[in-house]
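Asks: My request is simple: use the sequences and hints to build the entire structure.
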Amino acid sequence: MNAENQGRARAEAFRKEHKLGHVPLPDLVSLIELTQHVDVAVLDAEPAEHGMTVRDPARDVVMVAVATTRKPVRQRSTLAHELGHVLFGDFAPPKTGGWDSRSPEEIRADAFARHLLVPVAGIEAVLADRVVGGSREGERPDREKVALPELSMIVQRFKASPVLVAIQLHEGGLISAARKKEWMALSTPTLASRFGWTDLYQGWQQESDTRRAPQRLLSRAIQGYVANVVSLAAVARLRGLPVEQVATEFELAGIVPDPIEPVTAPIKPADSRRPDTDFSDLDALDELTDRRGVAGHDSGTHRE
Amino acid sequence: MVHEGEQSRRIAEAREAAKLSQRQLATRSGIAQATLSRIEQGTRAAKMNEIVILADVLGCTISELTGLSSVQERLQCVARATDDADMKTMYSELSHYLELDAYLEDQGISPQI
Numbered sequence: 001m002n003a004e005n006q007g008r009a010r011a012e013a014f015r016k017e018h019k020l021g022h023v024p025l026p027d028l029v030s031l032i033e034l035t036q037h038v039d040v041a042v043l044d045a046e047p048a049e050h051g052m053t054v055r056d057p058a059r060d061v062v063m064v065a066v067a068t069t070r071k072p073v074r075q076r077s078t079l080a081h082e083l084g085h086v087l088f089g090d091f092a093p094p095k096t097g098g099w100d101s102r103s104p105e106e107i108r109a110d111a112f113a114r115h116l117l118v119p120v121a122g123i124e125a126v127l128a129d130r131v132v133g134g135s136r137e138g139e140r141p142d143r144e145k146v147a148l149p150e151l152s153m154i155v156q157r158f159k160a161s162p163v164l165v166a167i168q169l170h171e172g173g174l175i176s177a178a179r180k181k182e183w184m185a186l187s188t189p190t191l192a193s194r195f196g197w198t199d200l201y202q203g204w205q206q207e208s209d210t211r212r213a214p215q216r217l218l219s220r221a222i223q224g225y226v227a228n229v230v231s232l233a234a235v236a237r238l239r240g241l242p243v244e245q246v247a248t249e250f251e252l253a254g255i256v257p258d259p260i261e262p263v264t265a266p267i268k269p270a271d272s273r274r275p276d277t278d279f280s281d282l283d284a285l286d287e288l289t290d291r292r293g294v295a296g297h298d299s300g301t302h303r304e
Numbered sequence: 001m002v003h004e005g006e007q008s009r010r011i012a013e014a015r016e017a018a019k020l021s022q023r024q025l026a027t028r029s030g031i032a033q034a035t036l037s038r039i040e041q042g043t044r045a046a047k048m049n050e051i052v053i054l055a056d057v058l059g060c061t062i063s064e065l066t067g068l069s070s071v072q073e074r075l076q077c078v079a080r081a082t083d084d085a086d087m088k089t090m091y092s093e094l095s096h097y098l099e100l101d102a103y104l105e106d107q108g109i110s111p112q113i
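Here the protein sequences come in this chain order: A and B. Numbering follows UniProt numbering, with no gaps: position 181 of the first sequence is 181. Numbering follows UniProt numbering, with no gaps: position 89 of the second sequence is 89.
Since the hints were made in silico from the structure, they are not lab data. There may be inaccurate statements among the hints.
To be verified - Below, in silico cross-link-like pairs of lysine-lysine (DSSO-like), each with a Cα-Cα straight-line distance of 27 angstroms or less:
{"#": "1", "chain 1": "A", "residue 1": "Lys95", "chain 2": "B", "residue 2": "Lys88"}
{"#": "2", "chain 1": "B", "residue 1": "Lys19", "chain 2": "B", "residue 2": "Lys88"}
{"#": "3", "chain 1": "B", "residue 1": "Lys47", "chain 2": "B", "residue 2": "Lys19"}
{"#": "4", "chain 1": "A", "residue 1": "Lys71", "chain 2": "B", "residue 2": "Lys19"}
{"#": "5", "chain 1": "A", "residue 1": "Lys180", "chain 2": "A", "residue 2": "Lys71"}
{"#": "6", "chain 1": "A", "residue 1": "Lys71", "chain 2": "B", "residue 2": "Lys88"}
{"#": "7", "chain 1": "A", "residue 1": "Lys181", "chain 2": "A", "residue 2": "Lys16"}
Stated by the list, open to error - Here are the computed distance ranges between Cβ atoms for each label pair:
{"#": "8", "chain 1": "B", "residue 1": "Asp83", "chain 2": "A", "residue 2": "Pro57", "range": "27 to 33 angstroms"}
{"#": "9", "chain 1": "A", "residue 1": "Glu249", "chain 2": "B", "residue 2": "Thr27", "range": "19 to 25 angstroms"}
{"#": "10", "chain 1": "A", "residue 1": "Pro57", "chain 2": "B", "residue 2": "Pro111", "range": "16 to 22 angstroms"}
{"#": "11", "chain 1": "B", "residue 1": "Glu6", "chain 2": "A", "residue 2": "Arg194", "range": "51 to 57 angstroms"}
Said to hold, decoys possible - One side of the interface only, derived from the structure: several residues of chain B facing chain A at Cβ under 7 angstroms:
{"#": "12", "residue": "Asp56"}
{"#": "13", "residue": "Gly59"}
{"#": "14", "residue": "Ser63"}
{"#": "15", "residue": "Leu75"}
{"#": "16", "residue": "Asp83"}
{"#": "17", "residue": "Asp86"}
{"#": "18", "residue": "Met87"}
{"#": "19", "residue": "Met90"}
{"#": "20", "residue": "Glu93"}
{"#": "21", "residue": "Tyr97"}
{"#": "22", "residue": "Pro111"}
{"#": "23", "residue": "Gln112"}
For glycine and all other residues, C-beta sits at the position ideal for the given N, C-alpha and C.
Replies: Here's what the structure looks like:
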């Protein structure tokens, strides 16, 4: 099975396992967190850094990060791509470069992301609800009768790029190769402007450009702060906020560290001689030395 | 034995990750800015008590600053990038998360959710 088919089969199996049907997926961060029990963070990164998944093999802990961006559909495809890596277990030791290489694992994760986000069966179901090109409701839409308004509708509904949707439409035999090529050149904001959903798109942009702390770890760190194990700065760093802001927030929420129990002084023994001032044993040694001296061993020490 | 150049780099990176200037770090840690500057330049090694304070103020673990952690050495990863990005920013943030997670587990703090 090639990378494309592997990705498709895994995406279909994933939807089945989690009873997702063919409907568009809402929040992918929550989907990954809930199904895989891993932390997902949305953080500020360099422009060419889109997503990364890291695993600690000793503890079997996995965490995913994606970059904040004004390109919401790309962030979703990156999240789905990283989920693919998690499911296929594509991990290797860190390297210094070459992250943009098109290895079979990357192609497979891309295919997984595409089929997960926009299943062909999902497109067909959406199109069947509309009267397309004169075909009646419930009938399979005619090839080449899927027009630009349908593309816009699918992009909007599935929150996926025109590139991705065009490939899937072609894969499902709903558009020709020529139309696929033509539509792959379109951008999401262009379709949004043309078909009147720019306001919605801007809302998506705001969401994808917002930082999101890894929730499980943050909750654990807050618990650690209460237990006096980590500082407030550790919590603030996870949130990407100044310490003062987090301090104010915690104050309002009544989150305070547990009082630290003072170390109690040892109970005074009934015999009130303090060990450090009890020199009776040393005195006894002195007496021993004195007696030896008296016995005639003149060691040169002064004696009374 | 920790190489001092390595240690200075780790401290400077942790300060940048915490978004603090050297001056702010000096105020919060009580360590003179001149001393911090020498530590970050690698001309003076940080003493253990200074490392403890810096970890507290920078919100990272002591092992992250000393480089004595085994977590970072064993991490495996996979990434999506363009333009031959080195993934440094994302990798360092994610390794911080895993380091902190391992530390909290060591301290007996279990996940709540």
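Asks: Look at each hint and say if it fits the structure.
Replies: Okay, the hints, checked on the actual structure:
| no. | hint | result |
| --- | --- | --- |
| 1 | A/Lys95 - B/Lys88 | holds (10 angstroms) |
| 2 | B/Lys19 - B/Lys88 | holds (17 angstroms) |
| 3 | B/Lys47 - B/Lys19 | holds (23 angstroms) |
| 4 | A/Lys71 - B/Lys19 | holds (25 angstroms) |
| 5 | A/Lys180 - A/Lys71 | holds (21 angstroms) |
| 6 | A/Lys71 - B/Lys88 | holds (21 angstroms) |
| 7 | A/Lys181 - A/Lys16 | violated (31 angstroms) |
| 8 | B/Asp83 - A/Pro57: 27 to 33 angstroms | holds (29 angstroms) |
| 9 | A/Glu249 - B/Thr27: 19 to 25 angstroms | holds (22 angstroms) |
| 10 | A/Pro57 - B/Pro111: 16 to 22 angstroms | holds (19 angstroms) |
| 11 | B/Glu6 - A/Arg194: 51 to 57 angstroms | holds (54 angstroms) |
| 12 | Asp56 | holds (5 angstroms) |
| 13 | Gly59 | holds (3 angstroms) |
| 14 | Ser63 | violated (13 angstroms) |
| 15 | Leu75 | holds (5 angstroms) |
| 16 | Asp83 | holds (4 angstroms) |
| 17 | Asp86 | holds (6 angstroms) |
| 18 | Met87 | holds (5 angstroms) |
| 19 | Met90 | holds (4 angstroms) |
| 20 | Glu93 | holds (6 angstroms) |
| 21 | Tyr97 | holds (5 angstroms) |
| 22 | Pro111 | holds (5 angstroms) |
| 23 | Gln112 | holds (5 angstroms) |
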